[in-house]
Structures are given as C-alpha cells and as structure tokens.
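Colleague: Each chain, letter by letter, is given below.
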Amino acid sequence: MGILIDENTRLLVQGLGRDGSFQASRCRAYGTNMVAGVHPRRGGTMFEDEVPIFETVADAVAATGANVGLIFVPASGAADAIIEQVDAGLPLVVCISEGVPVQDMVTTLAYIEDKPTRLLGPNCPGLIRPSTKGKIGIIPGNILSEGRVGVVSRSGTLTYEAVVQLTELGIGQSTCVGIGGDPLHGTTFVDVLEMFENDDETDAIVMIGEIGGTKEQQAAEYIKNHVTKPVVGAIVGQTAPPGKRMGHAGAIITGKAALASEKIRILEEAGVHVAESPAVIGAKMAEVLGR
Amino acid sequence: MGILIDENTRLLVQGLGRDGSFQASRCRAYGTNMVAGVHPRRGGTMFEDEVPIFETVADAVAATGANVGLIFVPASGAADAIIEQVDAGLPLVVCISEGVPVQDMVTTLAYIEDKPTRLLGPNCPGLIRPSTKGKIGIIPGNILSEGRVGVVSRSGTLTYEAVVQLTELGIGQSTCVGIGGDPLHGTTFVDVLEMFENDDETDAIVMIGEIGGTKEQQAAEYIKNHVTKPVVGAIVGQTAPPGKRMGHAGAIITGKAALASEKIRILEEAGVHVAESPAVIGAKMAEVLGR
Amino acid sequence: MNIHEYQAREILESYGVAVPRAGVASTPDEARKLAEGFGGRAVVKAQVHAGGRGKAGGVKLVSSPDEAAEAAAGMLGKNLITHQTRSEGVPVRKVMVAELTDIADELYVAITMDADAKAPMVMASSEGGMDIEEVAANTPDKIVRVAADPLIGLSPYHARDIAMKIGVPIDLVRPAATLITNLARVFQEKDASLVEINPLVVTTDGKVMALDAKIGFEDDALFRHPEIAALEDPEQNDALEQKAHDAGLAYVKLDGGRVGCMVNGAGLAMATMDITKTAGADPANFLDVGGGAAEDKIAEAFEIIVSDSDVEAILVNLFGGILRCDVAARGIVMGANNTGTQMPLVVAMRGTNAEEGLQILADAGLNVTTVGDLGEAATALTQVLSGGSN
Amino acid sequence: MNIHEYQAREILESYGVAVPRAGVASTPDEARKLAEGFGGRAVVKAQVHAGGRGKAGGVKLVSSPDEAAEAAAGMLGKNLITHQTRSEGVPVRKVMVAELTDIADELYVAITMDADAKAPMVMASSEGGMDIEEVAANTPDKIVRVAADPLIGLSPYHARDIAMKIGVPIDLVRPAATLITNLARVFQEKDASLVEINPLVVTTDGKVMALDAKIGFEDDALFRHPEIAALEDPEQNDALEQKAHDAGLAYVKLDGGRVGCMVNGAGLAMATMDITKTAGADPANFLDVGGGAAEDKIAEAFEIIVSDSDVEAILVNLFGGILRCDVAARGIVMGANNTGTQMPLVVAMRGTNAEEGLQILADAGLNVTTVGDLGEAATALTQVLSGGSN
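Those sequence lines, one after another, are chains A, B, C and D. Numbering-wise, the first sequence is residues -14 to 276 according to the numbering used here. Numbering-wise, the second sequence is residues -14 to 276 according to the numbering used here. Numbering-wise, the third sequence is residues 25 to 414 according to the numbering used here. Numbering-wise, the fourth sequence is residues 25 to 414 according to the numbering used here.
Quick caveat, the hints were computed from the structure, so don't treat them as lab data. Careful: at least some of the hints might be erroneous.
[To be verified] No farther apart than 30 Å at their CA atoms in a straight line, the calculated lysine-lysine pairs in the DSSO-like style are these:
#1 C:Lys142 x C:Lys166
#2 D:Lys84 x B:Lys100
#3 D:Lys189 x A:Lys241
#4 D:Lys142 x C:Lys214
#5 A:Lys241 x D:Lys84
#6 A:Lys229 x D:Lys57
#7 C:Lys189 x C:Lys214
#8 D:Lys142 x D:Lys57
#9 C:Lys57 x B:Lys229
#10 B:Lys214 x B:Lys241
#11 D:Lys57 x D:Lys84
All of these numbers come straight from a predicted model, not from anything done at the bench.
Let's have the full structure, built from the sequences with the hints guiding it.
Modeller: Written as structure tokens, this is what we have:
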C-alpha cells in the first residue's frame, strides 16, 4: 500500500532554475515519473529532452495528468505557486522552498484548508519511497534501503543522518517524509503518523522532532491514543538557548513547552522510545525491533 | 411548518440606537419574542424594562439562547456585526443596515460561506410571518393578513405596496421576505423560492424583482426546474435609464441582462405570471388563484 | 464617485503602476510649459468625468509648446459635449498634458465588482483602445475574465496568466502581471467600483504602461477614504443631482420626462416611475427620500423636483413607516410655499399617519388629487396631464 | 529583525496609534532641547535592542532640560548592560526623550504569530508595565488570548471584546479597540513577528496610549519592506552574528561553549551541538552553512568560528547533497590558511564526494580527526578536549 505516492505518481515540477533543474533531474534518476515542468518563459520546450514544459500549472495538469506537484520557486513566489497548484487540483503538493514569509503561509494554509489538496512543507526535503522508486524532493536516494520503517522529521540533513544509521544497521525504510522546519506548515507529524499507522508496509516509525512549537506534543497525544506500532523518537536542540532561532524558523524556545526536555518527557509518557542522543537513533530502533 | 422563523424564535437585536430601538419595539409589539439586546456601552441594563442588554453577542447568546439576530448598527460596522453574530453561532442573521461597503460584503460573504449561519440582507426590510406573530425587521405589521401566499422581494416599500394589494383583495400572506437591494447579499431569490416551494403553509408566491444584476434570471431558472407552485412576478425599473443607479446599490443597468424587459421575458418563459404593472400585482395573484 | 484622469494617474503612480510623464494645467501657459518639458510633442486631454472625449475634440496631439497652449485654450473654460455627457456638456477647468508614447500594442484591462462571483473581476483583452462593450458584443472570445479570490485577492499567477492570454510579449509578462496585481490592489484598498485602463500599452522600447485610466469609487465606502472624497469635483455633476446628493437624497434626473416623482424607497420609486409610463407620460426623475426624512429634507426634495423645468406635474407616493406621513405632508407644504408652485400633485399616502398627512395637504390649498393606490394614481395622472382636474 | 523604540513609535504613529510626544537625540544638547519642548518634565530612554532598560539605568525621569541633558550624557556613547544583552552590553547611540504622561492605568497588549492557531494572536492583560511572562506564569487567567482570523484579520468586535476584558473604562473602549485593530494592521501589513505595547496606558485625561513599543520583523519578509530593512542597526547585534548574517549564514553565538560547530542543515546542526554535550563539552555556536554553499562561504563560516575566542576545537559535520564535500573541504582549508589556526578539527563527512573531501583535508596538513558518524564524533571530541590527539 504505502503512503502519499505510489506506482501511479505523475510528477510535475514548478521552478526549473539551477537548483530546481538539478533536483528534478535527481528525482528522475531515482526512478520517479516526472511528466511535466512549469516555467512561464519556457513553455513549449522540453526538460532533459523528454519532459514537456508548460507556461502554467493548469495547462500542465490538463495535458499530462500530473498528480503530484513539487515546488522549487524562490521563497517570494512560493505561496503563489502553492495556490496555483492547489487551484489546478493537484492532490499532493510538496514545497521545498525555504524562507517563505510566515504571513504568506497564514493566508495559504487558510486558503487550502477546505480544498482537497495535501500540502507538504514548505522548507522541507520532501519525501522518498524506495519500494516504488519514488522521490519527490531532495532526500538523497543513495542512502536509503527498502524496508519497513517509516521516518518522519522536521529536519532535512538530520533525517539523512537517521536514515544512514538505519541503513548501516540493516534496517530498511518504507517511506521517509520531511515535514519541514517552518512554524506554519501543511502536513504535520500527526498526519504522517496516522498514515504510517494505517500503512501495511510500515512496521515501526522513527519520528525526529526539535525545539520550538508544540507539534511534538500533539504527536505524543496522537501516538498515545492511536498508534499501535513502535515509535522511536529523537528531539534535537537540548543545548539551544531560549529566545534564539536555530536556523529553522520554527526552532526557537519561546516557553517551557518548546524545550527539548519537555518534549522528550511527553513523548516518553506517550510510550515513544526516545533515543538518548541523535547518534543512536538507529541503534534504538534496532533495540526496539529486537535485532 | 413555515419558513425561517417559528414559535421557538428568540430574537436578539444588535444596535439599539434611535432607529434600532424604535424598530425593536415594533417587533416586540407585533408579538416577537425578543430575548436580548446588544450594545457595548449599555451592557447590564434593560430594554423596555424587560429585555436584558449585553455587551457582546456571544454573552447574549450564552445567557438567553437567542437564535435569530437582527442588526441595526451603522453601515460602517454592519459587516463586523454580521461576523460577530456568525461567530456566536446564530443560525439566522438579518441585517437591515443600508450602505454597507461592497468590499465588506465580499469579505463577509466569503467568510460565512462554510458557516452554518443564513444571512438575510443587508439593506433589506427583513421578514415577517403573521401566523406566528413573528417580525424580524421593519416591515409594518399592520398591513399584513394571515394567509397562504409567500412574498419575496428586493425592495422594501414596494413589498409593502404588494402586500397591501394582496390584503385589500382578501389574499393573506404566509411569510414575507425582503432579500435587499444590494448587489452582494446573503439569502437570494432562489433560496427563498426553495423554502416557499417546500413550505406547507404556502400555496403561491409573489416575487418582486428590479433592474440590475442577474438574480432574477437565476430565479427563473430555478422556478422552471423546481417550483410547482404558481408564481406571480413583477419587475420594476422599466423606465430607468442605463448606467444610472436607482437608489439601491444593485439597481443599475449595466448590460442587456440587467434590463427590466429582459428579466420579464425570461421570467415569463419560466412560467411566471408577470404583472403588467406594479399596480396590479395583487390583481394578478387573484386571477392566478381564480378568485 | 468619479475622479479626473489626472487624479487616477496619480493614484496609479503611487501604487507603482507605470504611467506616462504628465502634468495638469489650468491655463494655456501652464500647458505650454508642460509640453516644453516633454520636448514639445505631447497630448493635451480635457479633464472631464465622461468618456468619448476623443471624438468630441477633447484630446489633441500637439508637436510644439505653442500648439499645446493653443489646444489647451480651445478646451479650458468651455463645455465639452460627448455622447456620455448631458446635452449641455460638462465644463473643462483643467487639461492634462502628457508625453507622447511610442506604442507597439494596445491592450485593455479593467476591474469591476461582480455580483455573481461575489468578488472583484478582472476583464482584459488584446483589443485595447476600442470601445470594450463593442468588443464584448462582437468578439466575446477576445475578453478574458478572471475573478479575484474574495479573501486572498488576485493571485500573481492569475495576473501572469491574464498577461499571457492578452498577448503581452513573453519578456514583459512579469511587469505586466505586477501591474495587473497593483490595479487589483488599488481596487480593493481604495474601495473602487471601477479601475479601467484603456489602453494598456506595450511601448516600442519594451515597457508596459497605463496610457489612460478611469477610476470610480463606491460612495458607501468614501467615509474611510477622506483623501479620495476630497477629489470630488461637483461641477462635473448635474446641478440638481448634486444638490440632492448634498441633501442626502437619492435623486436621478431623467431626460425628457414631465412627471416629477417623490417616493420613499428605491423599489417603490421605480414602481412609481413605471406607473407614470402606463399613464402615458415619462418620469422626470427617480427620487427616494429615504426612511426617516425630516420635514425640511422633504421640503428640499420637493423644491428640487419643482426646479426641474421639464416637470409639469408631481406624483407623490409615500408609504408611512419610519417616515410619518404628517411630517412628509408638512415638508411638501413647506416646499410648495418656498417655491410658490401651483403645479398639480397626485398624492398617494398610506401607512403611519396617512389621513393626517392628506388633511394637511388639503388644508394648505395645494392643487392636490388624492388617490388610494398605484392604480388610481395612474388614472389620476392621465387626467391631470390631459388637462383634467380634480 | 529588531528596531529601536523610537522607530517603533514612528511606525505606530503612522497607523494612527496614539503615542506620547517624543523626539530622538544623539547629543545631550539635543536631549535638552527636546525636554524644553515638553516643558522640562520628560523621560529619557536609551535606545538599545534589549529589554530590562529600567533596572539597568537606561530609563530616567527628569524634571528639567538640564536634567535631561545630564541623563542623556550618562547614557550616550556608553554600553548598556541589561539581563537581555550579552555580557559587555550594547552601545547607546541615541536616546528618546518623551513627554511625561499622567497614568491612570497600565495595561498590556501584544501580537505574535501563533503556530497552532496558524494566525496572529493577540495577547492582552490588565497587568501592564510588568514582565508579562511572570504574569502568564503566576496569574494565567489575567491574560486574554484572541486569534485573528487568518484571512479577514482581527475583527473590530474582537478588539472591543479584548479592550473590555482588560478593564479599559467603558467610555474608552472604542478608541482602545481601534488602537488594537491598528496594531493588528501593523503586524500584518509590515510582516511583523512581534508588536508589543507594554504598557498600554489609560491617561488621567481619558486617553488610551502606547507608552512603550517593541516591534520585531520577520527576516524572511524584509524583501518586501525596504523601508523597514533600512532601519536595521547592526551595532546592536553581536559582531560575529552580524558578520555571519551579512555572509548569509545562520549562526548563533552560544555563551560559554568551547566547541565550534560547522554543519549543513539546521536539524543536523542542533544534533551536532547536542552531541558535543554528550562528549562533555558545550557548543560555542549554532551554524548552518546551508544547502548550496560555495567554497568562499564555507571559508567565511570557518573563519567566524575560529575568531570566537571561546573556541578550542571545531566539530565539522557535513552531509553532502547539493553541498559537495570536496567544495566544503577546500573552503575549510582556505579558512584555516586565512586564519593560520592550528585548532583541532573533528570531521564527519558523508554523502556527495565525501572521500575526496576528507583527502583534501588530510593533504592540507590540518589537525584533523576523521570520524564516520555522530557517535564516533562524540568519542573523538572527548579525546581531543582531554588533550589526546589523533
């Protein structure tokens, strides 16, 4: 079964600048079926000689039946790109762009609330599913191995770290999802936990959180009440001082609930196996799985 | 059965200035159960020694179980009052205020779209239902007689004219609803026509339209497909010149569809009995009813 | 409320919309100096609240400062008569002098409020510089219509899409889209009823520019835009309409009618106008005295009707509610006394204190025919107009 | 981005928010003249980007122009040290001199972004003039919290409700509500991260006024507010943080740490900091070099870490992706050469061109301990810090 993407995934990439083109190319190389690109000034041309580029998302969807959108446009235009993809009816939109103004996300999240589109991100690495060779985003495909552990994280490179640890211990992954480091984002921990819980390809879950906000608390609440599969957790930022933003717009300690220690406590209360340090996420999962 | 209000109607009136107080008093005199007033500076006092006044709509609803809101606040605050009443969960909100900025209504109508509240107005005379002695607005109670004809209109005083004609011919009314003269308003002709069609207290319908917009066309389309009860129609503004606003913000001829003659043609095509002049609305209904 | 082109140009400029360099002149000499500043070649445009200026001689291309002064002299202080003005035309007090623009393409874009979409609607076309209603009638597929979202406004991607669809060259799509987005911001932030750019031009040196601009504003929202309200030019309006507006009355002068109408309520006022037609006459005006009019306001309304030289008879149709008929009657008597008119009145009064009101009119010795309803009013009016009397 | 109080006051004033009369002075003489304008009685406030000024001597009440000059002289050109500043304090270049206000009541109102509500959140309290975090901790029921609607903003009725709940006298509820609505407009239209008025005062002569104002802005949205970006005062920031910021690096100086951290990715950077802790040391900084850093940017990041005098060892943890490890290694070598440092480096490099990168570091003769993962990094770091070596 799997989550978010499958064999029928048809990828549309919006924003084919230097980084966007590089990453779109990597998605294709991993095996993802990219069916369309969107670039207002390059409509009518081809991407890598094989994928048609359109002026607008609506045109691209109409012509190619694309069903997943991936956004690499600059932050100033990212919210508009999300809305364009939502209006075009794409069921899944993944926004990689970092630095989207938070007020733009206030508007955008409210706008899409009653729309049938799921948004992942912004400021996220996207997702990857080894079993179907599906990669929507920038997670390096070579570090993954196919398997039955789902990974969900607020961070990009830290996710890679965790995946490497798992892979090195022979523990493969079902799907790996980065929900992003911004305080206002689309898909949440709870959303992904629910998908993994219902996914027959996933046996256990790694959830990597960080300081700031209360999304980990909401995840803990959900895990306690709804998740039967084992969850290994990690929270980074134990050494971060209060009031300082740690790179991610959302990673800032603004009160007790935002502290790493508080999040760890609540996750442990919810039955999550919290790794003692980010170096032992893989080891913790091996322990939990009895390997 | 009846429409919009019934024996359980509990009226809240917001905006108890000179006109609002006068009209609230008339509603009570007609027999309407007014349970609360709202006025920020008069919270804790009583209206006419019997009805408590609250500072906020939420407080008033919580304390009194009000289920219909009536708004008389000045136009500049009318949209905010509508939103306050919607947020307080009132299922029916009637806004009498005239001159509400159209951009305020753009926002307000979009805001309430997925809320469970029905809005009538703004810039409307409200509604009145003789059988339950319910009056929510400013339609003079003394001109009505109880009966089985439903009346719906964009105009205030013209509605009174039609009601007087009916009453003088011995034709009583079930409910009389003014949807208002603004181009952007809540409840439409189609909404009220649907209610009358489903109302076991209504045998026939009077619908009074005017120049401007295409709401009468939408009504005609609905009547053709869904209304089995006889409908007598009237359209005023046959002598109005194009491009000039006839008092009502919505009463302006901006193209062919806005013309009275065009609306009459389409209503007649839909099977509506259109009165030859506004002077014979009652006579037309008498003819249709075979009296 | 309407404003002049030069005022619209300034508003657009403050929103970052590209417009030609221009200035406004009240004298031929000022026009000369402005044209000098643009190197002599310029366009001189009469500033009036009406379209059709070009055909009426209100727009002149000039190729020297002297010609600019001459063109301005030919417009300033005169009345300009176009197909959109009343018959005597409207006075020209100012001209706008603008630099000439080398045009590669003329496009059209406008924003209005759309009652069905319940949101601002952008209408755009590749056919700029023409009468857009003709374009809409003859080649409707050349009009692009996109509604803004009521809550988040016009999305940039929509603006880009519109620019592409009306044929903006691909390299200019971005500035054109920004311009369209800014027009939508003007519309929304200033409570406009219309923002119309005709033509929107692509210049030969690769710019997108609003060559002519028309902006109208919602009267109901002027209270929150004092800077806009201050732009009003009462002289451009019909004198009677302006007087009624100042008195807070909804009044519209109708050409060629001879029956003055005085009614409370817009719908009933239109019905009353229609009734005069069935009586074989044309209404001279729309007039709604409103809900709670006091005696002196009624008197003023009456005087405005009487001072219309086309009017031969007056049809009064009042439905007492908040308005009390006795108060209205006293206002009519006051107005009649002030003007000394002996014009015949056909009067229907119903509702609050109607009998008292009719008695007051009768006691005042006015030339009144009292009727009971709209049908009787039509009959009575026919009699009155055919020379019959009560 | 933060701005000074006097700048925040000007923004509020432009939105119609009532503020005390005030001016800004760079010299004692200017302060004297301002105080004269207010009749001598005034408050002199040091303009620094930090709270806690009162207790630190940065706010002085004066009763004559001379006293104002004296107070200003005591602040200007000095560093002010408060509990919110770094240990050496921040320089005072300007003071604000404001008229004294006769206060009847002190209230509190602030707007921040709320991630759970996904909308701006108004927090208000009857307990103004105090540390609001203490109020929240001790008497949470004295804090009113109301979220603005994400699409239509803060409704006037909500603002009115807030004003009533925090005890604004009934006759002043309307102006207080307007003030709160205007704060919400500032927050939204200027892309603020914080608008805080503490205290919001009710004056003895019946006005509602923002006596002290703090406004912060979202860095990510500064591109659309050049007028706000221009208000930045780099001198108020930590010098290293400012240098990193100018270089486009996300860097935060951490007090008392001795292990410099150089990482790509914010999450991995926090993880790396946490790992240093497990190795028995404190991290000296947070540093994310970002996704696609070029050689010279890496070099600059390295130099910033080295120039922190607290740093004794550096932990490099890079995950090659868009970032290529060979490029990063060359940047590190460049930075090491530029600074001449011999500091021990513990380096984990994984992903794109990792082996090539490690080889470059080895060839350069730097004091490098290479590790394979985070766990090994902790072990190696412990050894390095205890004087052991590779």
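Colleague: Now tell me, hint by hint, if it's right for this structure.
Modeller: Outcome of the hint check:
no.	hint	verdict
1	C:Lys142 x C:Lys166	holds (23 Å)
2	D:Lys84 x B:Lys100	violated (53 Å)
3	D:Lys189 x A:Lys241	holds (26 Å)
4	D:Lys142 x C:Lys214	holds (28 Å)
5	A:Lys241 x D:Lys84	violated (34 Å)
6	A:Lys229 x D:Lys57	violated (39 Å)
7	C:Lys189 x C:Lys214	holds (27 Å)
8	D:Lys142 x D:Lys57	violated (47 Å)
9	C:Lys57 x B:Lys229	violated (39 Å)
10	B:Lys214 x B:Lys241	holds (29 Å)
11	D:Lys57 x D:Lys84	holds (16 Å)
Of the hints listed earlier, those the structure fails to meet are numbers 2, 5, 6, 8, 9, in rising order.
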